[in-house]
Amino acid sequence: MYKIKVYSAVLVMMFAILTASSAQTIPTGSQVDEAKWIAVLKSDASRQAKSEACRFLAVYGTRASVPVLAGLLADPELSHMARYAMEPIPGPEVDSVLRDALSRLEGMPLVGVIGSIGVRRDRQAVPALAKMVNHTDPLVSQAAARALGTIGNAPAAEALQSALADAKEIQLLHVGEGLLRCAERLHASGEQKRAMAIYDQLRQFEVPHQVRSGAIRGAILSRGKDGLVLLQEYLHDEDYHRFSAAVQTAQEMSDPGVTQLLTKALDKLDSDHKILTIWALGKRADKAAVPTLLGLAKEGEKAVRQEAIQTLPQIPDASTIPVLVALLDDSDREIAQTAQESLCSLPLPEVDTAVMKMFQGGQSDKRTKAMEMITRRRMTQAIPALFQAAGGKDAAVRPAAIRMIGELGSSDQLPSLLELLNKLGQSQDLNAIEQAIRAVCADAETRPSNVERIAKAAEQAEPTQKVVLLRVLRALGGEKALQSVRDAMKDTNTEVSTTAFRSLCSWETPDAAQDLLNLAKSRSEATERLAALRGYIRLIRDKGLSSRDKLAMCRQASGLVERDDEKRLLLGALGTINSPAAVAMIAPYLDSQATRQEAAAACLAVSEELLKGQNAASVASRLVEPLEKTVGATEGDIANRAKALLEDAKKKAGR
Amino acid sequence: MSDHAFSRRQFMKKGLLTTGGIVALPAIVGSSALGRDGKVLPSERIIFGGIGIGSRGSGDLSWMMREKDIQFVAVCDARRERREDVKKRIDTWYGNNDCSMYHDIRDFLARRADIDAVLIATGDRWHALASVLAMRAGKDVYSEKPSCMTIAEGQAVVETAQRYQRIYQSGLQRLSEGNFTFANELIRLGRLGKVHTVRAHIAPWDSAELSHEWRPAEPLPPADEVDWDQWLGPCPWRPYNSSYVRGGWRGFYDFHTSCIGEWGAHTFGQCQVAIGAGDTSAVEYQYVKNDSGDGMVTRFANGIRMILNRGGWEGSAGGWKGSCGVCYEGDEGWVSTADGYAQPEASSPALLADFKKIVSDYMARTQRPMSHVRNLFDCIRSRRQTIANPVVMHRSMTTVHAANICMWLKRDMKYDPMKEEFINDPEANRLRSRAMREPWIF
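From first to last, the protein sequence lines stand for chains G and E. With my numbering, the residue at position 355 of the first sequence is 401, and numbering never jumps. With my numbering, the residue at position 185 of the second sequence is 191, and numbering never jumps.
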């Protein structure tokens, strides 16, 4: 009777724990109760409930929990969770229990216990673990080797060193791991000689390549300055694993002697070995390597030269500059290109001086190359020189120089660019300066004042320059720009007035809509009326317009469209208006073979949006008829899509 | 920046293919003709195997296979369906039938000495263990994120990589993307002035709280179809339920690192690299009374605060319009970026003017291309550290784990990154590790 009561209480409590745990990852505050979790473990509770208790004991358990947990270590279902709880519990009680378990467990539970002993670094377990390194169960012997390594004291190291000689192939990796762990621990605790002995034993033994690499690294580093001798030895090793292990280790060493060893070794290496060494020199970034790298950059095999050139920016040094400048003229274009990229990346002010010197030299191709570097290095100090070139006689350099001003400059350069514009006449220069002015005026904050300045300049400009400025104004937009373009349409110069008209027809914001509508009605030439109408219809797509405004514009346009091309353009605009009225306007165009496809696409696009929207029920009935018409007028995929939408519309309309 | 990355690739290909003195890159070769036992010369193709390639791993696999100087030859997965799917993809790509399949990772690693490197894209619970086992077997590693489940797992990855001189890249691919690199470089170059606050995006779904529940037991399939013991790996046993293996493992304490780890595994690393804290972790964590950690303020030893945000916040930058965002605030300006941005947002357009130069200079200075997988391949050859190397992964994941522990224990915390322990908080310290289930023990 008493037992039944206890079990009932436990089950209720267990349920409470599980409920709490589902709401909260780790119980806190009043939910923390070790005694209750111990009771769950002692009860007939389910595996899940006991696992859950173990999770919480892992955080809050004390030595009071250890006896009950110890009892679970042999249980195949709960052994892991018992360790899960015990592994983090501080104190000798857990160590004692785990050590005791070594002699009575086998198989997986034993493997787990050995692992936990390793994590807890229980030195008293070393004798027992040492006996298990040659255990017949490979999982046990491997776990023992690793655990000994984690404990990492001298007796553990001795046990593993003895085991290494007789280790079978399957064990080598794990004994090697154990020994490397030991050596790390010993080195960290000041026992360099012991650590060194382990590394030396491993690097001379037939172990997997990665163990040997680790041993080489350890052997070099644990020797301190004396490690250089060993490093040198491996830098001449023909085996790539050993060579590569040494080069990789060199990247961790700060001793300046390492650079000397690496650079000296380079002479006798083949290309692959050279490249690896060059990479290491770059990573070390020691200036002492620069002369050697420069030598490799100048001549030799192409891949090695390229790698040396690419490495130079990692070790910024002014002596590099003349070599890289000379390499810009290399007969191999890829070498020249690599040298240019390296020169651009060198973080030294002397490079700017060299580039400016190149720019101010006589040859067009070198000046062009210098300009590329000026832009890449963002050399704003070169802007005055660029202006000089932009106004100079070298026609090959001029447009590039103008474009560079656009790339590097800001609106501060606008007055000078406007002044320069007045001196230019050739089309390639004019195109370049149009791009440059647009680029320097790109900042939204300064755009209104820039437009003001450009508009004023346009008023006073000669026709050729005025045409450029009108195109700039169209690109910048805004009310002031629009007014300037309107005014220019009245210009007596035909080129100016035509440019103004074209600018207006390709205006990008709806503030030009009324102008375009008027032009579409009033221009004497049919082609001009058409251009204005097309410009007007394009504006209907503007996302800033309300559906109501868009519809009003469509109605205006529909009264003017005559050709199928403009009808299709209008249908494209109608397809962006989510309104039943748009669908009603679209529907008549389904009758014509020439516009049917665009009309169907527009009708489906709008209907789809409307039927997805919040007001679907109220608009659905107005979509039924146009959709029926679309179904009848189309075939294939479009008809199928229309049918599906029609069904949806009918359903939402309650039909 | 992509031009530069291309030029490096071009070098790798052209230099290797055309230079007389260097061994020409082989055409696609059968795995039996390989067997170099982890030795990758600068001129040689890198031989890869895949471990646990699911949906995310498929993206990695595609990006990697496009690179001409690597070749996948084997796949290992506890699920037959996925093994066969991935084999089919690999064989189709290379036009052969050479991809071998393994369901036991130990068997795979022991038998394939010819494989130089592995792509690990299992569920989170396996990332660290698979990385350690692979590196111990002499392989270099690309591991998806979050790359460890506990602080102790992160330590093991660092130690193993160092012990065996292995090259390791964690899947923090934004560290190799232009916008994020640019933002980081703005700090390094001092363009934002003295940086006082960085903001790290955490996933706007799920919770910091995780479940211990067991889903109802289903009949255990044959091990060849789903090896449930291996699927669970180092985690506590629970009964089989097919939804776990089909991606339904998120939200469980044993398998997931919460909404904080989901994106924080990326963004904490990005922020820490940006502020020069890639080799340390936050020292203070302020508990917030919500279920996600949104708004948690953490602080680094250098005084910089890192704030966890699910989305928006009050202030000039105000929030992100894409995933995995970061925002850096200094006394002279701020920069903010996230996935999908054409370019970063900044307090002033002038800050963005040098975008191309800054990213190009970064690539030249570090020799790191704007391609995360390319960075790994280059480093496998050069034996240099990758951008998302084990230390960066472990230290940023430590911040993730500490933030989670702060939320779980519902109190402020202090952490000592030198000793790698919480200060005066024994319960928190116990949560730094979890006993691994045998035989899946480091």
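Some hints here could point you the wrong way.
Unchecked claim - Facing chain E, according to a computed beta carbon distance under 10 Å, are these residues of chain G, among others:
{"no.": "1", "residue": "S125"}
{"no.": "2", "residue": "I216"}
{"no.": "3", "residue": "S259"}
{"no.": "4", "residue": "V275"}
{"no.": "5", "residue": "Q297"}
{"no.": "6", "residue": "M299"}
{"no.": "7", "residue": "I429"}
{"no.": "8", "residue": "P430"}
{"no.": "9", "residue": "D489"}
Honestly, the hints are just simulated from the structure, not real lab data. Ideal Cβ positions, reconstructed from N, Cα and C, are used throughout, including at glycine.
Tested hints:
1. S125: holds, 8 Å
2. I216: holds, 8 Å
3. S259: Holds: closest Cβ of chain E sits about 5 Å from S259 of chain G, inside 10 Å.
4. V275: This interface hint is violated because 20 Å lies over the 10 Å limit.
5. Q297: Because about 7 Å separates Q297 of chain G from the closest Cβ in chain E, which is inside the 10 Å limit, the hint holds.
6. M299: violated, 14 Å
7. I429: violated, 13 Å
8. P430: Not OK, violated: P430 of chain G not within 10 Å of chain E, min 18 Å.
9. D489: holds, 5 Å
When each numbered hint is compared with the structure, violations occur for hints 4, 6, 7 and 8.
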